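> Letter by letter, the chains look like this.
2 protein chains.
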Amino acid sequence: MRATDSREFEHIRETLFELLDKKRIKLLRQTLEEMNEFDVAEFLSEIEPAKMAMIFRMLSKEKGAEVFANLDVGEQEFIINSVSDTELGDIIEELYVDDAVDMMEELPANVVKRVMRAATPDTRSIINQYLNYPENSAGGIMTAEFIDLKKYMNVKESIARIRRIGEDKETIYTCFVTSSDRRLEGVVTVKELLLANDDDVIEDIMDRNLIYVSTTDDRETVTEKFSDYDLLALPVADSEGRLVGIVTVDDVIDVLEQEATEDIEKMAAITPSDKPYLKLGVFEIWKNRIPWLMLLMVSATFTGIIITSFEDALAVQAVLMAFIPMLMDTGGNSGSQASVTVIRSISLGDIEFSDIMEVIWKEIRVAVLSGVALACATFAKILLVDKLIMGNPEVSFLVSLVVCITMALTVFCAKFVGCTLPMLAKKAGFDPAVMSSPFITTIVDAISLLIYFSVAKILLHI
Amino acid sequence: MRATDSREFEHIRETLFELLDKKRIKLLRQTLEEMNEFDVAEFLSEIEPAKMAMIFRMLSKEKGAEVFANLDVGEQEFIINSVSDTELGDIIEELYVDDAVDMMEELPANVVKRVMRAATPDTRSIINQYLNYPENSAGGIMTAEFIDLKKYMNVKESIARIRRIGEDKETIYTCFVTSSDRRLEGVVTVKELLLANDDDVIEDIMDRNLIYVSTTDDRETVTEKFSDYDLLALPVADSEGRLVGIVTVDDVIDVLEQEATEDIEKMAAITPSDKPYLKLGVFEIWKNRIPWLMLLMVSATFTGIIITSFEDALAVQAVLMAFIPMLMDTGGNSGSQASVTVIRSISLGDIEFSDIMEVIWKEIRVAVLSGVALACATFAKILLVDKLIMGNPEVSFLVSLVVCITMALTVFCAKFVGCTLPMLAKKAGFDPAVMSSPFITTIVDAISLLIYFSVAKILLHI
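Protein chains in written order, with my numbering: chain D, 2 to 463; chain V, 2 to 463.
Everything labelled a hint here was simulated from the structure, so no lab data went into it.
Where chains are identical, the list cannot tell them apart; a pair therefore holds if satisfied intra-copy or between any two copies.
The calculated lysine-lysine pairs, modelled on BS3-like cross-linking and capped at a C-alpha distance of 30 Å, are:
#	residue 1	residue 2
1	Lys64	Lys151
2	Lys170	Lys151
3	Lys428	Lys280
4	Lys27	Lys152
5	Lys170	Lys192
Quick caveat: nothing in here was measured; it's all calculated off a predicted structure.
Chain D on its own, in the form it takes in the complex (with noise of 0.2 Å):
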């Protein structure tokens, strides 16, 4: 059964789909119960509700609940509907506590209430502690099974715990040595324990490097720990420096995949939402799209108002209207060029507002060359195409001259706005990916009219 095989997977599913309406429950529950539950869940969800829940009650407690956390919300809000209390609080003992959170921040209250009910007092109380976590902190991502062992046990000792309590822990491959108080106060991995003698104490071998975020840090400063320090988990303390939890790497990689697309969808001016494409509904992806559109669509009338203002001089020379689109679009181009790496670069950790003078710096030589460069490219482009081509008589000398003019200060000033916007958006606390694209766009169009109009009015005299 390899996972990996596209097509030999389709063939699964057909005689999946095969067994199903043969009826043949229990040869189907054989094969279901030695697939990967990633698949397994990949095949309920392919058909009907009510036959789904069937099946998957048929599935033994441990893969239920692994299956069960790779379902979408639907239809774990859909199998929670039509299970037995009991079943259910089998569910929710066997996920583990942060796919458990997770499920319980997008579940309809009413279902999560049923679910708190039939979870025991004690996972009832860790996911209630977890819920008031917001979701985007450590403390929303963090697990709470984790080993942890002491520093006067020694290897032997230590092997002995990790087998004994390792089974429901989500890993076992960093362990963590706290003090009686439950202050971190070590890190040892199984695979120092294992090339350790038996009996090595804790305390000699563990190591003292701590590296650990705060419950209330924010979820890029978890990713950024991974990607600097290849970890494969990381300690979560809490405000008086407790050991609480730990983030696994497989949940920063979900977390690492979400980010971006936010940072994407933000900064192409929609709402994020962790749904896939497909499953969002044609309503949802409208409103994560119309505000934006509006509020850019208004803030356009800007420009329009120059443009009226204009509108006398524009009638003299009827020629320079058709390089406005030229203008604002490279204008806008090479805004974005700069914001989005800006914007990438402080979410990657790469940048931080204090190095706003030396970003400021790069990007005013940058925009000097493009500048140059694209002033130069215009220029012959209007003679060549316009003039020659065309053969357009209105485009003279001193029109071209404007143009290229214009064109060289809007890159400038693109490029100027499009690297200090996000950091001053950064700065001033809010998300700097909205400072991008579309912003950018609409403030240098009105940017580089004004220079177009200025440069017009002093060279053509109009």
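Chain D is already provided as a structure; the job is to place chain V on it using the hints.
Structure of chain V alone, referenced to chain D:
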């Protein structure tokens, strides 16, 4: 030495610099040996090259190699040039193959030659073999150091083997069960080994649901597997299905960040580069951006031509000018929203070309909703702002109608173009990310103008 707490790290840095100035080399060396390799690299890259090389050479073999892997190519090159062949040989031998290969891909040819001479024949042949895999393929990011077991071994023997050969493996937590002809037969985790009984046989506890990729698979396939199946390591098989290497989760995290950054940069019409922004020279940044700006600038010619051809019409109804930026921007933004969403979904593996009809149908409905909403908003805005507040007499009811109809039609076309082009690009074998905001905008600009003037011709008889 809590690497996380930046203030404390500041403090350590100061101490280190103090030790350096006071030439208290012995103590400095001790401190560095105890520190995390990433932080040591950070420290080294802050001091002048000559001193850096000097201090680097003080580090122990193992530490040296770890730190070396965390330096930038420039720094690595400087060190390579300042160490003896024997020292260089040691570094290369200590490096994990994938780190060594990453370095080779960046270094100038002459330096690579020297490194290869310094490496032992075995290492050299492995590196050579790896260098032949494309940088973005599974083969390009895999490492050769993994633990292989035989299915007839029992748990005790297996753990003994791990303890024996585990030292210099990049991960020991996932062990790969191979046949005599190096084919992958199963996978067993150290967790499973620890939780099993000493005399259990691997064959009985190993997982036969093989999840693997082949050396030529794209990096994105690798990252998908990791996020789907929550893996710590993924086996890589050659064309004959033999196990040649593994990809570890820490490398996948770097790949995920690179992939996202590349997508984002392409979406903003920038040629991607894997150096962090502040390390990029002004000319490099310029080289990555200017070709796209040129291309887009030239392609904006069409919009110019369209406007010129309608110059007379515009002369009659100069007021139409004022709305062009708003129409073009809104069109561009609507298009980008669709394209960016689709591009991201493609690279996350959420949608494939086969979904094109579903995607188009979704976007069409979103487009209708957005178009109508924006048209109404525009109408209100024109009557309120342009007519009442600005008191522009030229803004007649008919003119507003023209603008609103154009708005609706433009948004519709924009969404359609925005969602189809990336999928077609993907189908044609291009990177869909290129079919994003800037290009969509340029295309939509032309479309919106054509619609605008045609509608105007019909309703205003110009």
